[in-house]
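Assemble chain B onto chain A, guided by the hints.
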Amino acid sequence: MNQTNQMMTGNLAAAWGARLADVDYVPAFPITPQTEIVETLSKWCGTGALNARFVTMDSEHSMMTAAGAAAATGARVFTATSSQGLLHAFEVLYTVAGWRVPLVLVNVSRALASPITLEPDHNDVLAARDSGFLQIHAETCQEIVDSILMAYRIAEDPRVCLPVMVNLDGFYLSFTREPVILPDPRMVQAFLPAYRPTHLGFKASSPRALGTAVLGGATYSYFRHQNHLASMNALLVHEEAAVDFERLCGRRYDLVEGYRLDDAEDVLIMTNAFASKGKAAVDVARAEGKRVGLLRLRVIRPWPADAIRHALQGRRAVAVLDQNLSPGQGGILFQEIAASLYHEALRPRALCSFIGGLGGKNLSEGEFRAIFEQTAEAGVRGKGIGPVLLYTEMEYREMEQLQYLAHDLKTGK
Amino acid sequence: MRAVRFHGRGGQGAKTASRILGTAAFLEGFVAQDSPIYGAERRGAPVAAFTRIDTLPIKQRGAIVHPDLVVVADASLVQDPAARVLEGIDERTAVFVNSPLIAEQFQAKTSLPGRLTTLDLTDIALQQFGKRGAISALLGAVAGRLVGLQRESIREAIARELADLGLAAAVIERNQTTALQCYDAVPAVPLETGSPRPIVPVLLRTPTYEPPTRGTAGITAGPNSAIRSVAGWRTFRPVLRPDLCNGCWLCFANCPEGAIAIKPDGKPAIYYPHCKGCLDCVEVCPTDALTVERETEAAREA
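Read top to bottom, the protein sequences are chains A and B. Numbered as in the working numbering, the first sequence ends at 421 without a single skipped number. Numbered as in the working numbering, the second sequence ends at 311 without a single skipped number.
Next comes chain A alone, as it looks inside the complex (with noise of 0.2 Å):
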């Protein structure tokens, strides 16, 4: 069937998911640099090119009630946000995944206060990691506009039924224009039918409790493990998902993306746009000879450990760039894949951890040969490091530099 490239930035892309996916209702909030998915959606609503309800509410917290209640009654949900509109939004999160609600929430990517900054890194999205929602990280815009059509085929299975955020990085990805390819909507159709859920159906005439009380924890303990038990077959529901994705429009999207791993030694462990980056980086390397390659986190949640064990099985080092920080502990997705490995017998030699990219710093080629080449050294010597503000000399000097001008110039405080 057709599908139509044209030149489109990430937002833009995430709008077209939710329209391909024809959903019913969108509340919104807009907030910087997501503003432009919903502005588009509420054109297009208006137009009549969407034929749904779009809802402006009054903040990130009524949006994601809004979003839940509307799920409950079976009807298809769209919503985004970013940053400190998604932690606004935290106590809901929790709430509509123990509801089991099958709705789409982009998160772009934006570092939290304080400071402030509009540019991102991940600390947003992964501290939603346990809220119960599934999470896929996309690379390109390409890849976003598929997953939000994956993410409604996953979250509104019967195995699953939970909530997906589908993140993408502000600016990187938000603003960034390249080519994408739109499924036709027929496609989109075979792969995605229209939502008959099951377990709800929310409406006046039939009134129903959901998130009931359930005292004394027995209960409570069934409820989150059904709630974990769903997210775990999220993975496999993913593949198949994958499989119909790629037989109907030829692109392929598993759990973890490997890229130039066959022989490589050291592994590089990235997620979202910088990824990219990171490839080039290890074109870069290998053309240098040295054996290199990148694996891409695409789901955070579930955890894929089966294909991160995979893919990681007896190499010599390993190094995890997290564009996170966890104050007092370091890079979170590197302590995950630590103990994903712990078990294993064929387990690397060394685990280094990178700390960059924060608040969108940018990654230079040779930031990335700094890490190759300490993570080859770790693993010569079979000792891990880390983890490792990546931080440049000059960089520090600019800093001082503004703290310089912030400060009082005549008490030096």
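The hints are simulated quantities; they were obtained by calculation from the structure and are not laboratory data. Please note: incorrect hints may appear among the correct ones.
To be verified - Using C-beta positions, here's what the derived DEER-type ranges look like:
{"id": "1", "chain 1": "A", "residue 1": "V251", "chain 2": "B", "residue 2": "A177", "range": "43 to 51 Å"}
{"id": "2", "chain 1": "A", "residue 1": "N59", "chain 2": "B", "residue 2": "Y218", "range": "55 to 63 Å"}
{"id": "3", "chain 1": "B", "residue 1": "A226", "chain 2": "A", "residue 2": "Q14", "range": "50 to 58 Å"}
{"id": "4", "chain 1": "B", "residue 1": "T300", "chain 2": "A", "residue 2": "M407", "range": "38 to 46 Å"}
{"id": "5", "chain 1": "B", "residue 1": "E100", "chain 2": "A", "residue 2": "E47", "range": "41 to 49 Å"}
{"id": "6", "chain 1": "B", "residue 1": "T300", "chain 2": "A", "residue 2": "A295", "range": "19 to 27 Å"}
What the hints assert, rightly or not - Only some residues are given here: those of chain A computed to face chain B with a beta carbon under 8 Å:
{"id": "7", "residue": "P187"}
{"id": "8", "residue": "Q411"}
{"id": "9", "residue": "L413"}
Glycine included, every Cβ here is placed at the ideal spot set by N, Cα and C.
Frame of chain A; chain B shown alone:
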């Protein structure tokens, strides 16, 4: 890979120009990527936008540190350290500057490295459209010429991008015509395709603990907005004709920078060091007492 960096001031169309270039390349079958960098948007403040063009999927993202071509929409940006126009430019970088000076004159004045081309796009826009700004299509066309894209794809890209902005068909057509005249007026500069720049290993320096007076973000210096001049942001300035002013104070009320004061006689006075040239005052003036004058170096220093 062709890496093009655009520098402009908020409102001059650097982002749209980068999109015109990206779309034109896309129409010719290249893989293209374009992205702007902005945040706290202000009319007149330095902005940058980037376009990458390649035959293979592009694995770079974000800011372009080593551009093949730099397009400067406003000559005053070259002297503004905050705009970082000179970053990553060397003698093999192609540079285009919107300036009435010829390349040799401009180069002598600024010691800008790179292979320089100039054209007075602002003047062309004033003559063709009779109004300020509106140089995005012209910038895009010149950039397209310099990286070797076809006339026809530039024409089509301008149509698409300006239509996206909601411009009327007649305006788009005039933009196309003028932009292609600029395209023809600029000689193609073959971009350097030499060996890639060597990757310089970076020196990492992980910060150590410092007292919270330094280790938390904050500003303890006194307010400096009073001493901060934004005169360099102006491409055009408002000029008051007191004889036409009826003292309604609409300009005073609408100035976003507080750059207009009211004198004891009830007439406004423009404080130019704080005027960033947004011209909102001109828009709201009911008696045409405020007019627009093109900024010149001499006037800016006044």
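Right, here's what the structure says about each hint:
Hint check: V251 of chain A to A177 of chain B, Cβ distance near 49 Å, so the stated range 43 to 51 Å holds. Checked against the hint of 55 to 63 Å, the C-beta distance between N59 of chain A and Y218 of chain B comes to roughly 57 Å, which is consistent with it. Taking 50 to 58 Å as the suggested C-beta distance range, the pair A226 of chain B and Q14 of chain A does not conform, at roughly 41 Å. The hint said 38 to 46 Å for the Cβ distance between T300 of chain B and M407 of chain A, and at roughly 44 Å that hint holds.
At roughly 44 Å, the beta-carbon separation of E100 of chain B and E47 of chain A lies within the given 41 to 49 Å, and the hint holds. The supplied range of 19 to 27 Å is broken by T300 of chain B and A295 of chain A, whose beta-carbon atoms lie about 60 Å from each other. Interface restraint check: P187 of chain A against chain B, minimum CB-CB distance 6 Å, threshold 8 Å, status holds. Interface restraint check: Q411 of chain A against chain B, minimum CB-CB distance 6 Å, threshold 8 Å, status holds.
Taking 8 Å as the C-beta cut-off, the interface hint given for L413 of chain A holds, the closest approach to chain B being about 7 Å.
Violation of the numbered hints given earlier is confined to hints 3 and 6; the remaining hints are satisfied by the structure.
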